[in-house]
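Undergrad: In case it helps, mature numbering (1 follows the signal peptide of the UniProt record, and there is no 0) puts the sequence shown at residues -25 to -1, 1 to 628.
Simulated from the structure, these hints should not be mistaken for laboratory data. Even glycine gets a Cβ: it sits at the ideal position worked out from N, Cα and C. A portion of the hints provided could be inaccurate.
As the list claims (entries may be wrong) - With beta-carbon atoms standing in for the labels, derived distance ranges: (1) GLN525 with ARG37: 40 to 50 Å; (2) THR388 with PHE628: 15 to 25 Å; (3) GLN568 with THR606: 22 to 32 Å; (4) PRO613 with GLN334: 46 to 56 Å.
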Amino acid sequence: MQTSLLKFALLICLLVITAANSLPAAPSSDTYGSALTPHRFDGVDACQAVAVAGNRLYATGRGKFHVLDITRPEKPTPLGELSGLGNTRQLFIKDNITYLTARQDGLWLVDISDANQPQLLSHYDTVEMATGISVSGSLAFVATRQYGVEIIDVSDPRAPQHVSMLKTGEAQSCWARDGLLYIGDWAPRKLVIADVRNPRQPAIIGEAPLDGFGDGGCLRGNYCFAATGHHSRGSRDDGKGHGLEIFNVADPEKPTFVSRVKFPASYHITNDMWTARVAGDHCVVADTWNGLFVVNIHDIKQPRIVAHSILPPRSKSDHTPDPVGGIALGKGVIYAAGIFTGLYVVPAPGLATPVVPEQDKAPELTAAQGKTGDPRFLTYQPGGQVRSATVVGDIAWAACGSAGIHAVQLGKTLEPVSVTPGKGEVMHLAVSGSRLYAAENDAGLAIYDIGPDLKLTEIGRLKLKNRNVKQVACPAPGRFALYHWGSAAVQIADLQDPAHPKVVLHDSQVGLFYGDQLVPELLGSRYLVAYWHRSGPAWYDVTGEKPVYQGNTPDERRYSFSDGACALGDQLLLVKHGKLQLLDPGDQREVSQLPAIAIPGHYLHGRPSTNGKQLALSRRPDQRVELFDITDIQHPRPLREYDLTGRPGACRF
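Produce the entire structure from the sequences given, and follow the hints as far as they go.
TA: Listed below in structure tokens is the structure:
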């Protein structure tokens, strides 16, 4: 079981956890080499990633995992299939186990020893959005974007365990060899190299600038191949960051630039990922909306593009080519993952050969040293990952992931009063009167009656097919519950009959949900509020028989994913661009038109919560909480800061 700390002091800190699109014209053969013709394989629908191991091809997309026989490389034959794996993104094959990342749905381990019947071994609740994956020895390295790389012990594939975290700018993909980890650092536009030979204390030892947003790559010998995209260094919107960059990493502390090639300028805000695979004299690069490119690297100092391929349009009504999510190399063929339309076989004789695995001296995991308590806090260790807590009086209701729901008595010691197993990983809780509402991931939204001894009795459950519930807000009178599922969607359920909850509103907007983005209170006795990091606060009127989406409080500047909103009295307190702003219920004026509250010389940043007199700003990626006196809201006064070993979610008083 993964262990987290639930820490209490004056407050409680929890381990929880655009511009217009621009697409390029088709690349010219004069500049980008000959055009290779893709052929769609009918046995796989939407596809996000592919991998080759021996005479097997593995593919995943939209929660499905496929195993195919490629004894005849140009004619894959379906063997086995597994579904229900969430928002699958990348995969890694090692020792008859497939490791699949699934963004907000964590990490899945699948036994592929029987190709006809892949079997689920386990699911692991990652600290944040599981995006990139690499496995070395008995350790899995999962790139979790803003939170860096999570290192996981998979020596027992049926019971993965958390080891440590490595903070980077924005880890999108990673690849490991010989106790070193290479990371595509997204928005910072860097190749980052970390020493993970002591997995419990990983450390960054080197980095190199990229002329584009960092993502996937690979190694061969002393060379590292990094795929880049979006915008070039020094620019925010030129779309000229697409390409392949090669570094000599013989000295990992001082990676040196060797050469690069550039692909067509392009910018598209969705499905933006890039990766590279090297075999023989060629490096093949997947560049999503640009398609794929074959780069001759025989002369490592003068690489040249020799071929390219564009996938067919997404549909008859949409002539945009399907973006390439990932690639794998076979004998004379390239396998391309079409994000919307499926798996493609791209004949490339003389250009594509299977990747030859290199020797890997994997790091060894030593026994964990005994943990010493933080003298500033009382601690309670429930097991599982503590995602959030709701405080009612002197009881903290803690959502403890795989360890279920814990009611903890707050006092001179922290004592469990009741423990209720969830039917899924418990991600978030809300309490209204004698009812408790639990976001239980793939088990949906659970409704419990709270007994006099704080024992919970389930009285209803709303299950969403292939949708994992992450957070819930259900303020009094408790008829309507706002919850978010997936990465960017919310719904409102009518709970008037708790035994038969029904969905009465659905909303999906631009921007990801990184957790703690629903306001627990009802604003103006009228509005439920969701905070979108691109669209801003959204107001949902629940005074009628059916909820109504009223609109958003917009801003021409993007909202930060790590800031947020909370109720202060009957106003919405917003944290944005280092300042505080107050909105009246339903206020939809541009945020830039509202007065801003600032502390001179102090940048206000983090997910807010308040008891009316104090304001806590929790920054989960940075492992920090700041506390302010807001008795005079126009003149906030810093009180103290907490630098934590865990990753604090929204605080409660």
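Undergrad: Taking the CB of GLN568 and the CB of THR606, does the distance hold inside 22 to 32 Å?
TA: Holds: the Cβ-Cβ distance is about 27 Å, inside 22 to 32 Å.
Undergrad: Quick check on a hinted range of 15 to 25 Å for THR388 and PHE628, using CB atoms only.
TA: holds (19 Å)
Undergrad: Can the suggested window of 40 to 50 Å be confirmed for the beta-carbon pair GLN525 and ARG37?
TA: violated (32 Å)
Undergrad: In this structure, is the beta-carbon distance linking PRO613 and GLN334 contained in 46 to 56 Å?
TA: holds (53 Å)
In this structure, only the earlier hint numbered 1 is contradicted, and the remaining ones agree with it.
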